[in-house]
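Q: With the hints as extra help, turn the sequences into a complete structure.
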Amino acid sequence: MHSFQGNRVLAHTGTQFPIFQAPIGLISRSALVGAVSAAGGVGLMETSSMPLPQMQEEFDLIKEKSPHPFGLHLMIPSLASRPEREQAVLDWVLDGRTKFVTTGYGDPTRYIRRLKDAGVITYHLTDSLDEAERAQEAGVDGIVLGGAEKGGGHSPQSLHTFALLQKARKLLDVPIVATGGIVDGYGMAAAFALGAEGVWMGTRFIASAECPWHDNYKQQIVEANEVVAIDIGMPLIPSMRAVRNEFADAVFRGEAGHKRNPYAGDAMKLFYEGRTDLALVGCGESGVLIDRVKSAGEIVRDTVDEFWSVLEGLSRLTEQRAEAPAVAR
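Residues in the sequence shown are numbered from 1 upward in steps of one, following my numbering.
Hints listed in this document are in silico derivations from the structure and should not be mistaken for laboratory results. Just so you know, not all the hints are guaranteed correct.
Unchecked claim - Label pairs and their computed distance ranges (CB to CB):
# : residue 1 : residue 2 : range
1 : Lys170    : Pro51     : 42 to 50 Å
2 : Lys99     : Leu26     : 22 to 30 Å
3 : Ser3      : Pro77     : 34 to 42 Å
4 : Arg110    : Phe252    : 31 to 39 Å
5 : Val228    : Asp291    : 17 to 25 Å
6 : Arg292    : Arg169    : 27 to 35 Å
7 : Gln157    : Glu223    : 25 to 33 Å
8 : Gln54     : Lys99     : 17 to 25 Å
The beta carbon of each residue, even a glycine, is placed where N, CA and C say it ideally should be.
A: Here you go:
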């Protein structure tokens with residue numbers, strides 16, 4: 001019988017599985033978050049790209065779709081750039097809506113005291129070990145560490161997931177959730193072997209039935225054999241990864257006409273229309289491992305099943321080693 005007994009992440013989230021759906025802007029709303037939560041994963045609703053009335057509508061819809069816990073995400077740079085909205089969103093979040101919040105990319109100190117006073121468990125997302133240590137000192141309950149394999153928000157200085165987790169395990173006492181290059185049970189097993197107690201997946205949930213983005217976008221991920229890193233210079237996303245296609249190559253060479261923000265102006269409209277020949281298909285390196293679009297529930301269940309299968313295989317190796325005759329030296 002498989003069990004996550006003793007897993008500190010599950011003690012904090014109250015969910016069945018330590019699998020987080022990344023709170024990507026514009027997609028992490030009721031359909032996707034509700035499906036992940038209903039399947040036992042950690043669904044996270046984003047709060048950066050909606051007015052408060054719409055946030056409340058999406059929140060209510062998630063509660064209709066799932067009886068299980070879900071969380072809310074606060075993207076610090078986005079909120080801090082608009083102080084009045086920042087205060088309104090924080091007040092809304094703290095009005096008894098959830099007991100689990102994640103913050104991202106910045107100094108969470110501005111929120112920690114109020115969140116703790118309200119009894120809210122808080123995890124902080126970062127790709128910096130220094131920032132992770134500061135967040136731990138500020139009182140966060142867990143850290144989400146993003147390796148350089150992830151799709152957006154990384155810098156050239158970012159460590160890759162394997163090195164990041166091994167170093168973090170020595171520096172941090174709070175639970176660690178790994179993100180960057182993880183789309184299945186193999187990645188989850190590797191992350192747990194290196195000290196993680198949960199995984200956070202973005203690209204895998206983009207290629208889900210519940211993601212509202214165009215099917216052409218998802219199919220490009222399914223068919224991808226290469227993913228490239230592109231410096232786009234946006235304030236919140238200085239660089240991103242995208243499926244390598246003719247348009248991505250043109251952006252990389254500076255020939256696309258809007259290389260500093262490939263989602264500016266008409267590009268966003270083209271993106272929503274599925275014009276992948278004229279809009280970047282952002283995804284993490286692990287996009288090349290995705291072979292089909294699945295429902296969010298399938299993704300959660302398949303990841304868990306594969307995780308346990310991998311661990312069983314490793315356990316058999318250990319048993320074989322124990323049973324092998326000693327080698328004379």
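Q: Hint by hint, note whether the structure agrees.
A: Each hint tested on the structure:
no.: 1; hint: Lys170 x Pro51: 42 to 50 Å; verdict: 43 Å, holds
no.: 2; hint: Lys99 x Leu26: 22 to 30 Å; verdict: 25 Å, holds
no.: 3; hint: Ser3 x Pro77: 34 to 42 Å; verdict: 39 Å, holds
no.: 4; hint: Arg110 x Phe252: 31 to 39 Å; verdict: 36 Å, holds
no.: 5; hint: Val228 x Asp291: 17 to 25 Å; verdict: 20 Å, holds
no.: 6; hint: Arg292 x Arg169: 27 to 35 Å; verdict: 34 Å, holds
no.: 7; hint: Gln157 x Glu223: 25 to 33 Å; verdict: 31 Å, holds
no.: 8; hint: Gln54 x Lys99: 17 to 25 Å; verdict: 23 Å, holds
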